[in-house]
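A.B. asks: Chains as they are written, first to last, in our numbering: chain A, 1 to 581; chain B, 1 to 581.
Do not rely on the hints blindly, as some may be mistaken.
Copies of one chain are not kept apart here, so a pair can be met inside one copy or by any two copies together.
[Stated by the list, open to error] Computed cross-link-like contacts, DSS-like style, restricted to lysine-lysine with a CA-CA straight-line distance of at most 27 Å: (1) Lys32 to Lys536; (2) Lys60 to Lys412; (3) Lys212 to Lys569; (4) Lys32 to Lys535; (5) Lys510 to Lys64; (6) Lys569 to Lys510; (7) Lys536 to Lys569; (8) Lys346 to Lys32.
Calculated directly from the structure, the hints in this document are not laboratory data.
2 protein chains.
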Amino acid sequence: MISVEQPKNIVIVGGVAGGMSCATRLRRLDEKANIIVLERGKYVSYANCGIPYALGNVIKDEAKLHVQTSEKIASWFNIDVRTEVELVAIDRPNKVIHVKCVGNKNGKLHCDIENISYDKLVLALGADAFIPPMKGIDSEHVFTLQTIPDLEQIQSYIATHGCRNAAVIGGGFIGLEAAENLRLLGLNVTILEYLPHIFPPVDHDMAVPLQKEMERNGMRLLLNARITEITPTGSNKPSQILLNGTDPVEADLIIVSVGVRARTAIVEDAGIQIGKSGVIVNDTMQTSDPDIYAVGDMVETPHLVSGHPVRIALAGPANRQGRLAADNICGLSANYRGNVGTAVCKVFDLTVGVVGLSVEALRSMGRGDKTKYLTIHPSHHVGYYPGAEPMVLKVAFEADSGRLLGAQIVGKQGIDKRTDVLAMAIRAGMSVEDLEHVELGYAPPYGAAKDPVNMAGFVGGNILRGLMQPVYAEDLVKEVCFESGDGTQERRLPKKYQVVDVRTPEEFCKGHLIGAVNVPLDTLRRSLHLMDRSKKILAYCQVGYRGYLAYRILKQNGFEAVNLNGGFKAVCVGGYDSLID
Amino acid sequence: MISVEQPKNIVIVGGVAGGMSCATRLRRLDEKANIIVLERGKYVSYANCGIPYALGNVIKDEAKLHVQTSEKIASWFNIDVRTEVELVAIDRPNKVIHVKCVGNKNGKLHCDIENISYDKLVLALGADAFIPPMKGIDSEHVFTLQTIPDLEQIQSYIATHGCRNAAVIGGGFIGLEAAENLRLLGLNVTILEYLPHIFPPVDHDMAVPLQKEMERNGMRLLLNARITEITPTGSNKPSQILLNGTDPVEADLIIVSVGVRARTAIVEDAGIQIGKSGVIVNDTMQTSDPDIYAVGDMVETPHLVSGHPVRIALAGPANRQGRLAADNICGLSANYRGNVGTAVCKVFDLTVGVVGLSVEALRSMGRGDKTKYLTIHPSHHVGYYPGAEPMVLKVAFEADSGRLLGAQIVGKQGIDKRTDVLAMAIRAGMSVEDLEHVELGYAPPYGAAKDPVNMAGFVGGNILRGLMQPVYAEDLVKEVCFESGDGTQERRLPKKYQVVDVRTPEEFCKGHLIGAVNVPLDTLRRSLHLMDRSKKILAYCQVGYRGYLAYRILKQNGFEAVNLNGGFKAVCVGGYDSLID
């Protein structure tokens, strides 16, 4: 399977995840090839995912981030690794790249500008942190947190300036990790998020518990933040982040993490096809030039749920793409199979996991009407075994076929596990009903005979088969109306509903939906004659199960009914406070 | 979809996992049916999986094991629950069962023997703990641990007899859980296992770390134990377990857990078809009598990997089968899709997970020649994030197609997660190569950009594509020969191998394979001229990766080579001590 031609010149530009995975796989497949890796930075093959945790001293020894040194790569893999060398241009007709030394010009090249010829070129240029254009963004106390030099600069700035108030602009992955780690250093931290909620891969109701967890840990959140300017740092007056419609935020350290942009300029100049967000590649990672491959944060690959090309800036896909490019360069047939967008993130004591698309994302694609979803609140293992922790699990699926479209999970324990299980289900093209049947490991310390994933299957299967009709808190919130009388205003749900709380009186007294009457489940069958048959009954309980039982009793007794998805807990967890009495 | 005929009489015999799941689903689907649940024991719907942990006071409040009370089931589900009622016979022609009161005859029936007619009968009789026929097995200090009365009897016996030395006969799931929990009570515990290793669902090399963990926790293991007799307890002399070929074991408390046998006698008497290990059912859980369904520990269902019917005595399948039987009784089409045999078990600080078939099981089915496997030792999350714990992951697959056949995992953290992910892969019919492509959630606290599951895919894919040829420690052990000289005897591997350790000299000095020479990987390319080209090189490193790199270098330089599967660590972990110098 290995080519027996003349040694190939293979040049890889970019020496971190995708580039280095490609280079080492190439060597394993082809002992004879000339393999050159060019890296713009000082370091190759370092663990950039660990950088936020090194900032917070969670990872105490920064040296641990250096997975491989250039020397080790050279000795194990016989690869010519050149750091602080930057790509300038690609001369495709002559199969040559122009590169230049950056940094301290320490003899990594023979001259300042050098030409390197290639038989195959692999581009793993990565992505640049996006710097939103605003006044003051170039101040000395404003940083990004993407590379080891970024980390070192922030650490040194904190050490020399004694920072107390930090601001993180952007509440995505890196923003949350950066914010948490700054907080661990003892700083006051404010997160400024442009959108209505943090962590955009999940829906609003799933972001709310994350937001509460951050606030519980002493952080401040500014949502819908419209930053107009960052004022300079001065000896008398600290720097301020000025906002439209909100008071300024004081910050003597600012980290900007509002996403990344693929480094495509040079590639585009060379006439290689670029898509909406990155370099276009086929499933062998080949660009529009068959001798040029591209991998990692700079490319677009298909999202298996949306069907659209997406740029996924994560180490896992980058590593696999690099390896696949090497396979294909060496004549092994191997195809990239697209993404399901699995991700997991720690937020203090919580974990959030996500795979596929959120309901908000599906709506923005015009697929909202064809999507249903369910929310459940199972424990991560059986409740009778010590240490059971609750989770919120939200699963979206196609309304007609049941095909899984996405899952979001938040909780303290077992979140990464269910995320991965659901990632497997989505990759395998399973339907929500299929989740009923999956056979997951159970012993009391680990799960339940009906795992949360099975439970999602049961609930989703019921919705799909028409055995249960959910009503969603986010829709009810929009239907809240106000009734005036005696100079007071009262919130209520539309009159079309009889709102029936089937929990116990004790539960009811601690809080319930506006306008609800309490008919405990164990009295429901004998209370049917008290109900108004002309009105739809909105049944609910704490997490949805007794509400579902009530729904089944009501429907089979001739009532129109709906069951509140996820129960009263989903209202509380999701922050739908205006529904609560 | 719901039947609109006359109310059905549905009788369910057995009120724990499968039976009660069936009963409650029936009510949700059919508000009008007459549903009767008969349970032989005192309690329904209790969590028998928690019983070993209640014994060890890990679950401190035994009441927590009672998931549902008869009263709650009656009030929520309008189900006629009768405890302490036992099935005596099934009169199929008349669609009637004969039942009798057991226990304290507290009025659960109108008379001692009653006939109950059914339209549909669901059997969820469960399985009996198997009591091996041996002298003394019926002594008062010998117990099984299956039900709450079992638990109560053992607790009371310990309280009144002040036990110090316990023995557990059988080292399967319940045996291990029972033994660990007895140890947590401070007892000296000996496990007596008939087979050459404990925990039969896994291979010998995967059981060894479990055995070491039990010994580390002060337990004694007797493997290949051939018990001949249990001597009586006496005031002067404690009871002894007598064995063939081994000293007797003193024990003042004995728990027997050598598996269970389906309760099929009455079913067989009624002329219903019985298979090798349990009642035969189709995929709607129907027995050979279309009006009689059977679910749970008493039935055989197909194993998706072996293709053979198996009896799986676990709560998860029982629950799903009960629910499915209800669906089918109510006219909803739902099919049981067979088992992949996912299981997980805690052994002190370790977790063992298993899915599919072990290599030993595949061999016993005559499929050994068509099976390959791989062993890896990844961390449960990236090494640079604090708290990374190693695991051993063994994956078996079809030698030609790569189809996944089984996985076994042992370690401290993240074991249940990978077990479930691999259970999804096996259920989806994936090949070992497919594991390369799966996209699992990664952030430093949870995994790695190349998750252990991906790593298994990389290694398996390499084996499948002929890019790496493994040699297995279990085969090498059989090839160890002895050379006499000067009155001494020396172990060595067959002369056909040059055994080359490619680790560092420091690693080599701490222990290596017999007859190995040390050629560190970073010197290998310049040492090739020193190697004997006429001999196959057995390359190895610590966990297999550098050995694989060495293998690739050697093969591409014209050498015959093999790489030790799982490296030196697999030799140590798997207990292949005779290979170590």
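A.B. asks: Does each hint hold? Answer for all of them.
C.D. replies: For each hint, the structure was consulted:
1. In this homomeric assembly, Lys32 and Lys536 come within 27 Å of each other (Cα to Cα) only across copies, at 22 Å, whereas the closest approach inside a single copy is 75 Å.
2. In the homo-oligomer, the alpha carbons of Lys60 and Lys412 lie at most 27 Å apart both inside one protomer (24 Å) and across protomers (23 Å), since each shortest distance falls under that limit.
3. For a Cα distance limit of 27 Å, the shortest separation of Lys212 from Lys569 inside one copy, 15 Å, qualifies, whereas the shortest one across copies, 45 Å, does not.
4. In this assembly of identical chains, Lys32 and Lys535 lie within 27 Å of each other by CA distance solely across copies; the values are 23 Å between and 79 Å within a copy.
5. In the homo-oligomer, the alpha carbons of Lys510 and Lys64 lie at most 27 Å apart only across protomers (24 Å), although the nearest pairing inside one protomer, at 50 Å, exceeds that limit.
6. For a Cα distance limit of 27 Å, the shortest separation of Lys569 from Lys510 inside one copy, 12 Å, qualifies, whereas the shortest one across copies, 57 Å, does not.
7. Within a single copy, Lys536 and Lys569 get their C-alpha atoms as close as 22 Å, which meets the 27 Å cut-off; across copies the closest is 65 Å, which misses it.
8. With identical chains, the CA atoms of Lys346 and Lys32 are never at most 27 Å apart, being 44 Å at best within one copy and 48 Å at best between copies.
The structure fails hint 8 only (numbered hints given earlier).
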